[in-house]
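Residue numbers (the numbering used here), protein chains in the order written: chain A, 93 to 362; chain B, 55 to 255.
Keep in mind that the hints were calculated from the coordinates and are not lab data. A hint or two may mislead.
To be verified - Okay, derived cross-link-like pairs now, DSBU-like style, lysine-lysine, Cα gap no bigger than 35 Å in a straight line:
1) A:Lys305 to A:Lys220
2) A:Lys220 to A:Lys304
3) A:Lys263 to A:Lys175
4) B:Lys190 to B:Lys179
5) A:Lys170 to A:Lys304
6) A:Lys263 to B:Lys179
7) A:Lys308 to A:Lys355
8) B:Lys139 to B:Lys120
9) A:Lys176 to B:Lys121
10) A:Lys304 to A:Lys261
11) A:Lys305 to B:Lys190
12) A:Lys150 to B:Lys190
13) A:Lys150 to B:Lys120
14) A:Lys261 to A:Lys175
15) B:Lys121 to A:Lys305
16) B:Lys121 to B:Lys139
17) A:Lys305 to B:Lys139
18) B:Lys190 to B:Lys120
19) B:Lys190 to A:Lys308
20) A:Lys261 to B:Lys120
21) A:Lys176 to B:Lys190
22) B:Lys121 to A:Lys263
23) A:Lys304 to B:Lys120
24) B:Lys190 to A:Lys355
25) B:Lys121 to A:Lys261
26) A:Lys176 to A:Lys263
27) B:Lys190 to A:Lys261
28) B:Lys139 to B:Lys179
29) A:Lys304 to B:Lys121
30) B:Lys121 to B:Lys190
Said to hold, decoys possible - Partial pick of chain A residues on the chain B-facing surface, computed with a CB cut under 8 Å:
31) Thr222
32) Lys243
33) Phe250
34) Asp251
35) Ser258
36) Gly259
37) Ile260
38) Lys263
39) Thr264
40) Phe268
For glycine and all other residues, C-beta sits at the position ideal for the given N, C-alpha and C.
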Amino acid sequence: MGSLFHYDFIIRALEAGLLIGAIAPVIGIFLVLRRYSLIADTLSHVSLAGVAVGLLIKVNPLITAIIASTVSSVVIDKLRTSKKIYGETALSIFLSGSLAMAIILIGLAHGFNVDIFSYLFGSIVTVKNTDLYIISILSAIIIALLSLFFKELIYISFDEESAQVSGIKVKTLNTFFIILAAAMIAIAIPIIGILLISALLVLPTVTALQYKKSFKATLLIAEIISLFSVMSGLIISFYLNLSPGGTIVLLMLGIFCLTLFYKNFSVTKN
Amino acid sequence: MVGLLKPTSGEIKLFGQNLNNFKDWHKLGYVSQKAVNFDFLFPATVKEVVEMGRYGSKGLFKNLNKKDDGIVERSLNQVEMWNFKDRLIGDLSGGQQQRVFIARALAAEPEVIFLDEPTVGVDAKTQEQFYALLKKLNRELNLTLVMISHDIEIMTKETTELACVNQSLIYHDDPANCIRNNYIEQLYGEKNSVNVIAHKH
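With the sequences and hints as input, model every part of the structure.
Set out below in structure tokens:
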């Protein structure tokens, strides 16, 4: 363990991982329960276009990714609720559209092929000091706003219609939530990588759901799985020189499979 | 009528206020048609579901306090479901779930409860118990219950006042009269969907 903390970059990665690992399940549980899981995938691809723009115009790619992701989350939400096109169609248009844009932009400036790879799959050396500041500030904002309307979000996820009749501003809160989810997805890019973000959001919640507990207990289990996987994944990837995103997601997947196996096994035994 | 759909014409008034700037949402409870059609995997205990009934009257950023806990317990006791408070809502039977959703509506301490086709997909025996429970609440809590249903037979039997709506209001009076006269024919004359709104006072 000694050598681990000799490097500044790994300390930054661990700090960023701690924040992202903690927020991911809070966003993820609502995405999963509201059947919004695919939004995470779409928004992460939109973030890739944002990263490409950032690299091209030499602005911190994390900032352009956050802007791209949040702006398109609002547009996607509007398209979905306008009922002019199907919800999942809106998602696939944005997914392939932003990927097309990213490819063209990357092609235009052939210089940053190596960089792009670390954004796609995550890297423990990508987290720069400014990135850590941005991640910390946004994490604080996301947590503050989420706790502001946490109980309303539970109600909306469970029964949107009744929530509205009880006087909760469902539409406004939906938009707020989708913006927060978009911001969360963008700040997870440096560590997890664009292609694996949805696993980070979805897997801990899906695993926790198998335990069939109350909402609070489910969220707590998801938090434990998320933080454990992110932190140990980062440490393992440092020592074995693996991709951190891949390691974290494989750990989560392993826990998910163990839980499924354990749950089914104990059910058949009874 | 509860603000989920915008009227194509005219205006809707609740407690004398126009619906567009209606503020007293806590005065009405709502048990939706989809009540027993929710996501059975949703991780919420019976108690957590009934607590949702308190959220509407609480502001943002305010947690439930002791008083809310008391109201939640009382509401669950009123539908005789307090013993199930720690069970997952998805694990209960349809009739039990219905009781929990009524408890959630009660927890908001409303003056009127709207029930939108609450007995769709429920067997006859559960339905009977359900109406017995509604009668009890109606009597003991002095609560107005507004029921929207397609089941005209039950409606004429179980309600004290009846309004038949098929595009427009056809009938609004004592339920017994509705059968005696040929309002039913008028109601079913058109092939459009038929709603019966019945008040219990």
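### Message
So, against the hints stated earlier in the document, which numbers end up violated here?
### Response
Of the numbered hints, 1, 2, 6, 9, 12, 13, 21, 24, 31, 38, 39, 40 do not hold.
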